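Engineer: When you get a sec, could you build the whole thing from the sequences and use the hints?
Taking the UniProt record's numbering, the leading residue of the sequence shown gets 1, the next gets one more, and so forth.
Read the hints as simulated data drawn from the structure, not as lab findings.
Check before you lean on any hint, since a few could be wrong.
To be verified - Below, a list of computed lysine to any residue pairs in the SDA-like style, where the Cα atoms sit at most 20 angstroms apart:
1. K121 / M63
2. K121 / D101
3. K121 / Q72
4. K113 / V57
5. K121 / D76
6. K180 / R13
7. K180 / D25
8. K180 / A135
9. K121 / A62
10. K180 / R170
11. K180 / Q29
12. K121 / R60
13. K97 / R49
14. K121 / I157
15. K121 / V165
16. K113 / R60
17. K113 / R59
18. K97 / T151
19. K121 / V57
20. K97 / A73
21. K97 / V57
22. K113 / A53
23. K121 / E61
24. K113 / D101
25. K121 / I100
26. K97 / V169
27. K97 / G156
28. K121 / R164
29. K180 / D136
30. K97 / G107
31. K113 / I157
32. K121 / N106
No experiment lies behind these values; they were computed from the predicted model shown.
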Amino acid sequence: MHALIVVAHHDPRSLTHALAQAIGDGITQANRANTFEIADLAAEGFDPRFGLADHAVHRREAMPPADVLAEQARIDRADALVLVYPIYWWSMPALLKGWIDRVFSNGWAFDYKLAESFTQKLQRLRVHLVALGGADADSFQRHGYDQAMITQIDHGIFDYCGARVVSSVRLLESESLDPKAHLQAALALGQRLFPRVEETSHAQVDAECA
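Structural biologist: Okay, structure coming up:
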């Protein structure tokens, strides 16, 4: 099994990057046959600006630009998509939002033709969201930011395209708590991202005996 881990943070020494690596480590620890790729959007210089070329794609007047096709191919190769990002103003960074704006395009993530039809095209995709925030859980719950992020991101983006959000976690108080707890949580997420070999074998035996 293969995972694409997308990380959106400008500092490679950040806790966000460390969490992405911990998730990858967990994936391979669970099964050496598992693989992962980290897409570091900042280091790779991905352009998040939705421009005229992207607008033409949305209107079904042109093919996606080369950089968008490359990102779509990365996702197509993956069995799971993991987004790891800091929470900026109760949402994701502009870099990651722009990646979604451009990559999850009409004709690939969904198929929309005005007054004709709408089709979700990412039903096979399994998504895991890992957001790192400085505030505490009470702040998110008291002001409704928790539900707002779920509505905007989990439902508004991925459900719209037919993708299944398997897990969605917010690791909070990142600037005040010992980061070891968050790193351990990320490692555990990676370890359970895909079924273990024993679980797969038992499922096969059960199917054969049924």
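Engineer: With reference to the structure, classify each hint as holding or not holding.
Structural biologist: Verification of the hints:
At most 20 angstroms may separate the alpha-carbon atoms for a hinted pair to count; K121 and M63 meet this at roughly 17 angstroms. Proximity of K121 to D101 is assessed by CA-CA distance (about 16 angstroms); at most 20 angstroms being required, the pair is judged to hold. Distance restraint check for K121 and Q72: the Cα-Cα separation of roughly 12 angstroms lies within the 20 angstroms cut-off, and the hinted pair is therefore satisfied. Using a Cα cut-off of 20 angstroms, the hinted pair K113 and V57 holds, with the two alpha carbons roughly 12 angstroms apart.
Taking the CA atoms of K121 and D76, the gap is about 11 angstroms. The hint holds against a cut of 20 angstroms. For the given pair, K180 sits about 15 angstroms from R13 by alpha-carbon distance, which is consistent with the 20 angstroms threshold. Using a Cα cut-off of 20 angstroms, the hinted pair K180 and D25 holds, with the two alpha carbons roughly 15 angstroms apart. Simply put, K180 and A135 have alpha-carbon atoms about 17 angstroms apart, close enough for the 20 angstroms limit, and the pair holds.
Between K121 and A62 the CA atoms are separated by roughly 19 angstroms; this keeps the pair inside 20 angstroms, and the hint holds. For a cut-off of 20 angstroms, the pair hint linking K180 to R170 stands: about 15 angstroms separates their Cα positions. Taken as a hint, the K180 and Q29 pair is honoured in the structure, with Cα atoms around 18 angstroms apart against an allowance of 20 angstroms. Of the supplied pair hints, the one linking K121 and R60 holds, its CA atoms being roughly 15 angstroms apart against a limit of 20 angstroms.
Distance hint between K97 and R49 is fulfilled; the C-alpha atoms sit about 10 angstroms from each other, no more than 20 angstroms. Our distance criterion of 20 angstroms between C-alpha atoms is met by K121 and I157, whose separation comes to about 13 angstroms. About 15 angstroms separates the Cα atoms of K121 and V165, which keeps this hinted pair within 20 angstroms; it holds. With a C-alpha separation of about 9 angstroms, the suggested pair K113 and R60 falls inside the 20 angstroms cut-off, and the hint holds.
Proximity of K113 to R59 is assessed by CA-CA distance (about 8 angstroms); at most 20 angstroms being required, the pair is judged to hold. Distance hint between K97 and T151 is fulfilled; the C-alpha atoms sit about 15 angstroms from each other, no more than 20 angstroms. Taking the CA atoms of K121 and V57, the gap is near 16 angstroms; set against the 20 angstroms cutoff, the hint holds. At most 20 angstroms may separate the alpha-carbon atoms for a hinted pair to count; K97 and A73 meet this at roughly 18 angstroms.
With a CA separation close to 17 angstroms, the supplied pair K97 and V57 stays within the 20 angstroms bound. Annotation: proposed proximity of K113 to A53 holds, straight-line Cα distance about 18 angstroms (limit 20 angstroms). At most 20 angstroms may separate the alpha-carbon atoms for a hinted pair to count; K121 and E61 meet this at roughly 19 angstroms. With a C-alpha separation of about 18 angstroms, the suggested pairing of K113 with D101 holds against the 20 angstroms cut-off.
The straight-line distance between the Cα atoms of K121 and I100 is roughly 15 angstroms, inside the 20 angstroms bound, and the hint therefore holds. Only pairs whose Cα atoms come within 20 angstroms are accepted, and K97 paired with V169 is accepted, the gap being roughly 18 angstroms. For the proposed pair K97 and G156, the alpha carbon gap of about 12 angstroms is at most 20 angstroms, so the pair holds. A C-alpha spacing of about 12 angstroms is found between K121 and R164, which places the hinted pair at or below 20 angstroms, so the restraint holds.
The straight-line distance between the Cα atoms of K180 and D136 is roughly 17 angstroms, inside the 20 angstroms bound, and the hint therefore holds. Proximity of K97 to G107 is assessed by CA-CA distance (about 19 angstroms); at most 20 angstroms being required, the pair is judged to hold. Taking the CA atoms of K113 and I157, the gap is about 18 angstroms. The hint holds against a cut of 20 angstroms. Taking the CA atoms of K121 and N106, the gap is near 10 angstroms; set against the 20 angstroms cutoff, the hint holds.
Taken one by one, the earlier hints all hold for this structure without exception.
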